[in-house]
Amino acid sequence: MTLLELKDVACCFGSVEALNGVTLAVAKGEVVVIIGPSGSGKTTLLRCICALEEIGSGEIFVAGHRINKTRRDFEQVRFEVGMVFQHLHLFPHLTVLENVSLAQRVVRKRAGAEAEEISRLLLRKVGLEDKVSAYPAQLSGGQKQRVAIARALAMNPKVMLFDEITSALDPERIGEVLGVIGELAREGMTMLVVTHEIGFAREVADRIAFLENGRVVEVGPPDQILLNPAHERTREFLAKVL
Amino acid sequence: MHWLAEQFTIFRSVFIYLIQAVHWTIAISVLAYLLALVFGLVFGVARLSHRRAIRWCAGVYINVLRGVPLLVLIFFFYFGLGKFINLDRFVAGVLAVGICYGAYLAEIFRSGIEAIDYGQHEAAMSLGMTRFQTLRHIILPQSVRVVVPPAANEFIACLKDSSLVSIIGLRELTRAGREYANQHFLDFHTWLVVGAIYLAMTLTLTRFVRHLEKRVAVRGFGANRDFT
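So the protein lines, in turn, are chains A and B. Residue numbers for the first sequence follow our numbering, so the first one is -12 and each next one is one higher. Residue numbers for the second sequence follow our numbering, so the first one is 26 and each next one is one higher.
In isolation and in its complexed conformation, chain A is listed as follows (with noise of 0.2 Å):
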């Protein structure tokens, strides 16, 4: 069963085309590794999943809504869709707690004593329990990372996005936040991971998809991608990050 799929989607910036013509479909429980260089369009793609970007033409589909304009259909998709950002924007006002249950409370209209015990099972999860009460300003790169997953969790999303989360940790951080992801697809969650990893990619990849200039060049097994490329661009890409 497909659970996102976008059809031809373009987005441009003035007269910059970020996006030209995308075409992909996540299966559910699929989890679909993006790569390619620096400007190719990878965070722009997610952007417009979770409709903070505007598409210019094309069509993208989430759990059987599509995402209009309007923003009703906004508020919809971002109902599905968890987003984790690669500058994590965590509420810096807010303890680690309040962080992952706020929007449960505003949005979901949780009660407060069922959001929190939601939130605390989802800090234990990614082994933040003995942080509850700390400030985003206290934690490590790599603990803020995990808070900003949970964060999303909590709106129990059908699709997990994840933007080069891993670019800003130290090599020894890295782990705990990757581990963290691959448990995930353990648990059968459909994700859609941009990131430079290719070690992690191969790992957790169901799926590699390679974009270039806004256009996914090709899309496969992570073997098949990673060690054997149709495509020449594909080739040249990897002998430089491998």
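Don't read these hints as lab results, they were simulated from the structure. Note that the coordinates shown come from a computational prediction; the quantities given were computed from them, not determined experimentally. Heads up, none of these hints are tricks.
Here are the in silico distance ranges between beta carbons for each label pair: (1) A:GLU41 with B:GLY84: 21 to 27 Å; (2) B:ALA52 with A:GLY43: 53 to 59 Å; (3) A:GLY1 with B:ARG76: 19 to 25 Å; (4) A:GLU104 with B:ASP113: 53 to 59 Å.
Using N, Cα and C, we set each Cβ at its ideal position, and we do this for glycine too.
Starting from the known structure of chain A, fit chain B onto it as the hints suggest.
Then chain B, alone, in the frame of chain A:
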């Protein structure tokens, strides 16, 4: 010795006379400032609206009111509008000062909101929050930290500018001073005391603002100010 005692008596009687008018100064400043807070918040947020018409209206309010001398505004509200509706001196004074300071506060609130990283808006929206929820739960609580010191300083300015309302005959501190000085030919003593009373109030407020600054600064932020 005799001279000193005489001076003391004069200052004392001036002070006792003037202090009875202080409550008007305080009433004008406090009410005008409360009005200004409401206007400032509404127009400060409106200035950042995604609807152009709303942005434009807020811009007109802010730029017109900041560009006109407060004294002229006071005349306009009391004498100008007085041609059509009979406004009480006090009401006219509070309205003029409040609406004028609302424009200054709107700019302070606007910059306070803009000081918050746009990623905060996006994170809140990606969690499904509406614009209003984002403003209420995410942006404004963080802006407070940025906004409180300058906004509180505006109250001090507002208190001082309330003296302009004396021109339309409201017997607040400055007006009372003028009356007393004229009646008793004690200009030197009177204006010294008037100044001292204003100064006592503003200095107290300055200390209070500094205290407030410390309080809002600590909440939620460790030694480092990391916004990620």
